[in-house]
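Starting from the known structure of chain A, fit chain B onto it as the hints suggest.
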Amino acid sequence: MAALSSPIRVCRGILKELRVIQGPTYKRSLAYSYVMDQFRKNKVTGERYCRAQQEAHHDSHTYLCLLGSTRSHLALHKLYHGKGDRSREEVAALVGLRLPSQPGGKGWEK
Amino acid sequence: MFRSLVKLRCPFGNILSPNKVCTSQHLRFAVKYSSATEERKRFYQDVSISQGEGGLYEINLDRKKLKTPGGKLFTAPNEALAIGVATEWDAQKDTLKYYSMHLTTLCNTALDNPTGRNEKQMISAALKFLDTDTICYRVDEPHSLVELQKNEWDPVLHWIEDRYNVTIGSSSSILGPEIPKATKDTFRQHLNSYNFWSLTGLEFVITQLKSVVLAIGMIDRHLSVEQAVLLSRLEEEYQIQHWGNVEWVHDYDMYELRARTAAGALFVHLSSESSTVKRKLMQD
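These protein sequence lines map, in sequence, to chains A and B.
Take the first sequence: its position 73, counting from 1, is numbered 82 in the numbering used here, and each next residue is one higher.
Take the second sequence: its position 85, counting from 1, is numbered 90 in the numbering used here, and each next residue is one higher.
If you are wondering where the hints come from, they were derived from the structure by calculation, not from laboratory data.
For every residue, glycine included, the Cβ atom is placed at its ideal position computed from N, Cα and C.
Heads up, a few of these hints could be off.
No farther apart than 16 Å at their CA atoms in a straight line, the calculated lysine to aspartate or glutamate pairs in the EDC-like style are these [what the hints assert, rightly or not]: (1) A/Lys87 - B/Glu252; (2) B/Lys125 - B/Glu183; (3) A/Lys92 - B/Glu44; (4) B/Lys215 - B/Glu252; (5) A/Lys87 - B/Asp258; (6) A/Lys87 - B/Asp99; (7) B/Lys133 - B/Asp99; (8) A/Lys36 - B/Asp190.
Here are the in silico distance ranges between beta carbons for each label pair [what the hints assert, rightly or not]: (9) B/His255 - A/Arg97: 28 to 34 Å; (10) B/Glu44 - A/Arg49: 36 to 42 Å; (11) A/Arg97 - B/Ser198: 55 to 61 Å; (12) B/Gln194 - A/Gly91: 42 to 48 Å; (13) A/Arg21 - B/Glu124: 44 to 50 Å; (14) A/Lys52 - B/His255: 34 to 40 Å.
Next up, chain B with everything else stripped away, as it sits in the complex:
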């Protein structure tokens, strides 16, 4: 549906807008990125990776090099990520299902940077979620859900408060808890050590889980993906227990969320790590 909207917008945008250059640039991105729901035929047989200039890894489809939607050469900073992306392209059977290629999507976003933001802005955007963090908002009733939230969410909250030595707290008022400025400063400082690629992944995870606490808990390897997704959907799970599970809504959402979250977490880890193997000296 979004695709047809963009197509409809194209002719109007060009006629009405006086600032034509800027609009066409935006539209070019919009049209290219709108192809996410379109399924294209698989046009290649072999997928391979090769190391190009500067040690960056490239993806080859048959003999052509993969490019990003923005037209840049697709490059990945390390072998693991490149293999992950190549496996995604290899996994497509007859048609290309872009909506299932999460690692590719994340790499494209990091390479093209369609929103044109820098690291500082991304950190601010990510920390905005702290004000409305899922696990800081509690309900007053029913009693069993209150208990469930307390039992499941409090340990994670305590863990992050201890780990970073900050105060977050929880609240059942509509305004949420008062989060002190020092807390945000601590997190800002922590996130400053992340590079652009990791921040792209981290912001993606935060927006998926709707929670900074859960995202950081998972990136710091305190939670597994399944646990983080479960905690993020806690109220939904509670309702499912009460009213029953509907496969084409609940399971569908859960698997999609899990896949996206896992891709984001893996993306953060792979793009921030620098793996060095140190061998111990042989002792005779």
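The following block holds chain A by itself, in its conformation from the complex:
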């Protein structure tokens, strides 16, 4: 069995991700109530629910991973890949060159 962090940590992690996504009003969202509901239902409380606890635990862990990885991926995407091609000036600057600021220098004499 895969080593997963404890359910309460997973639950907190998911709620944290939801807060990042939805801002301060996240407690009113659908996902918040569903996640809380599921975590409360699948607590081991005198075997009242027959659903395997590990099953729900694994799924919640997977969901946490999905939310966290998507956030990190988007952040990296924005940082490194989100801008499209570099402009001509930037490309020139990369190799330490500067474009002529205005025509009229050498080669433009009449």
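Positioned in the frame of chain A, the structure of chain B alone reads:
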């Protein structure tokens, strides 16, 4: 870039192709699906779900119903999946980043079925990966990588061989290991119990991890997503340890792979489960 290619292809396709109806149908799909890299402005405020005909869940953006790229009404088979999709739509800030909405994408694929295949063909396509499974291919050198692959991959291989009572084996030859027909038959039989939606998700996970063994290990909850992704990228991780980590390539790839794999796994679990709550009789 792909978008511009499709746009370029459009006029030529229509002129050159004698079979116009079929091409335009394909192009319609191609153009619609090519919008995956395009970022559209967020055009709605509220996202909510509602239960429609046949108990299927629908997504509402303000008061409009969400549709698939193929033009069908978007429906999800259960509440959990619908909430997952709704959260994705809610998470978009100013522009819609379709490439980050993996659950939505998977639902769309399952609903539209753009490749037009049936379950049997999907199972065959998934099992094809077994012949070239990542964790069955081993290297001969360097010694430390050989050891690493043996230590990390062998336990998973042994686990799946015990669990399904099959032989897979590993090999360092370029032809890979000989996988007996009985093994494939066992897996085929196992996959037959999956419905169309789960198979869509499973095939997605297999193509992401490039491994049937790791995908099944994760779907059977033997591995967590992080472990499966780590094992799938084992050689890359080894090289990273040797040469250093480059954030905009290695981390970027890893997070994307993790997000995709997690979405696929969750999709399989949510679309194959039928949750019933049984209450025990009160005993006084």
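Hints the structure fails to honour: 2, 4, 7, 8, 13
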